[in-house]
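Using the sequences and the hints given, assemble the complete structure.
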Amino acid sequence: MAVYAKADPEMLLFAFQKILDSISDGVVMSDADGRLIVYNHAQEKLEELHGEDIIGKPLWEAYGYDPDNESEHRKVLTSGKAIENRYEAHAVNNGIPKYVSYSTYPVLRNGEAIGVFSISKNETKLHSLLEEAIELKRRFLSLDPDHQEPVEDAGNGTRYNFTNLIGDSEATRQLIKEAQKIAWLDNNVLIVGETGTGKEVFAQSIHNHGKKHKEPFIGINCAAIPENLLEGILFGTVKGAYTGAMDRSGLFEDARSGTLFLDELNSMPVSMQTKLLRVLQERKVNRVGGSEFVPVKCRVVCAMNEDPMKLISEGKLRQDLYYRIGGLSLYISPLRERPEDVRCLTRFFIQKYNHMLNTHVEQLSEVLERAFENYEWPGNVRELEHVIENLMVHNDEQNRVLEGTHLPSYLKASLKIDPKAERPKQVKREGLNDRMDHFEREIILEALGRNGYNISSTSRELGIIRQSLLYKMKRLGIEKVTS
Numbered sequence: 001m002a003v004y005a006k007a008d009p010e011m012l013l014f015a016f017q018k019i020l021d022s023i024s025d026g027v028v029m030s031d032a033d034g035r036l037i038v039y040n041h042a043q044e045k046l047e048e049l050h051g052e053d054i055i056g057k058p059l060w061e062a063y064g065y066d067p068d069n070e071s072e073h074r075k076v077l078t079s080g081k082a083i084e085n086r087y088e089a090h091a092v093n094n095g096i097p098k099y100v101s102y103s104t105y106p107v108l109r110n111g112e113a114i115g116v117f118s119i120s121k122n123e124t125k126l127h128s129l130l131e132e133a134i135e136l137k138r139r140f141l142s143l144d145p146d147h148q149e150p151v152e153d154a155g156n157g158t159r160y161n162f163t164n165l166i167g168d169s170e171a172t173r174q175l176i177k178e179a180q181k182i183a184w185l186d187n188n189v190l191i192v193g194e195t196g197t198g199k200e201v202f203a204q205s206i207h208n209h210g211k212k213h214k215e216p217f218i219g220i221n222c223a224a225i226p227e228n229l230l231e232g233i234l235f236g237t238v239k240g241a242y243t244g245a246m247d248r249s250g251l252f253e254d255a256r257s258g259t260l261f262l263d264e265l266n267s268m269p270v271s272m273q274t275k276l277l278r279v280l281q282e283r284k285v286n287r288v289g290g291s292e293f294v295p296v297k298c299r300v301v302c303a304m305n306e307d308p309m310k311l312i313s314e315g316k317l318r319q320d321l322y323y324r325i326g327g328l329s330l331y332i333s334p335l336r337e338r339p340e341d342v343r344c345l346t347r348f349f350i351q352k353y354n355h356m357l358n359t360h361v362e363q364l365s366e367v368l369e370r371a372f373e374n375y376e377w378p379g380n381v382r383e384l385e386h387v388i389e390n391l392m393v394h395n396d397e398q399n400r401v402l403e404g405t406h407l408p409s410y411l412k413a414s415l416k417i418d419p420k421a422e423r424p425k426q427v428k429r430e431g432l433n434d435r436m437d438h439f440e441r442e443i444i445l446e447a448l449g450r451n452g453y454n455i456s457s458t459s460r461e462l463g464i465i466r467q468s469l470l471y472k473m474k475r476l477g478i479e480k481v482t483s
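Residues 1 to 483 (my numbering) make up the sequence shown, in order.
It should be emphasised that the hints constitute simulated quantities derived from the structure, not laboratory data.
One or more of the hints may lead you astray.
Unchecked claim - Calculated pairs, DMTMM-like style, for lysine to aspartate or glutamate (alpha carbon to alpha carbon, straight line, at most 20 Å): (1) Lys75 x Glu61; (2) Lys412 x Glu389; (3) Lys57 x Asp68; (4) Lys211 x Asp254; (5) Lys480 x Glu461; (6) Lys474 x Glu446; (7) Lys177 x Glu340; (8) Lys416 x Glu376.
To be verified - Distance ranges between label pairs, derived from CB positions: (9) Lys181 x Glu461: 54 to 62 Å; (10) Lys57 x Ile19: 18 to 26 Å; (11) Asn221 x Arg441: 53 to 61 Å.
Computed from a predicted model, the values in this text were never measured in an experiment.
Backbone N, C-alpha and C define an ideal beta-carbon position, used for all residues, glycine too.
Okay, here's the thing in structure tokens:
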């Protein structure tokens, strides 16, 4: 506890007011009746509210919630126990919730709670710096596949984070920024994108960017599990519920406070969607054949490879389930709408397989480039990598240009490549003398640059006579520079 010297109470109050308004953390305090008695300048910035408009008002009036619902300050006042490290929005400005990271503590005097205060952290700058660092690292690693490969297991069930997302397009950069903001929230998320666009990479990245990244990430493909098994896998089972059933926890329990990723949710039968909706609404689950309810603490991230509005109109997706899971949504546009990313990913995959196959491919042929630009890429990023891998495996290891002729026949047909339109180009291969001349020329040019093109100084640095340097310059086509 802090120690204070005896001083004029009015002076101390003035000093404390100055201190509260000078610190960067937000401070809000309510008395035993729930009225706001402290609201500093930093809290105004965080919540974008004006202190003079709400000070002295009851919390429910200041923040516009139902007075019958017990506020967090009231819970702390009643229990006398702090609530720490929360990330929620209490204020709403122009319909936009203002999320802050905060802890709430009781003010105890002789064991009696006489007030409650919350301290909120201003993490806006930290988030911004973190996002900038991730973007720089993402661009750097996209040029170096050797260091970009995902870790086998990050210890929480994931292999990917935002640095693994490759793409130069504005659409990709904006989508990553949006996903990073969503990651800091605990809300359910819906990711919509065609097959092969990287929905699970985004889901894992969101988990790893969030505050609960140390908690488990558990993913399941709803299309791969038969309906009669899916319920038990998600919710758990009790021994004797059906033949062969054992006491086993479901994925909602196993995910704890982490993330449960439901891929291809649109493949889940409507009857199962009804049960899932109930769990998400009530935030509790009971095992198949059981009677006890277990609280659901995890965030649920769902993914679909079809337009949810189309699925609803076709009766394949419950509308109320969509509203429950789609409050925060990410739409990953198909690769055919991102030509910049096709080029960027092509370069990345070429370098990746250069490292794997010990080859030195530099680019695509003009015919192949045009084919890539005009192709629809129904399999998106996954299909693009498959095509590049096939090209690299069938390519002559000495050839530095990938040709359409290197593709298997079924891929040539898909990409609409006419074998007659392309002939393999002969790559000029440098002999030893050519390579030595190139190397020698570079050394001489660097030395000349360091010595201001002074012939005498350069020859001394290189350890050769002046006439020899002049001869080499003439033979290698290096012109003398005169001031």
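Self-check item: Structure versus earlier hints, numbers of those that do not hold, lowest first
Solution: Structure breaks no hint.
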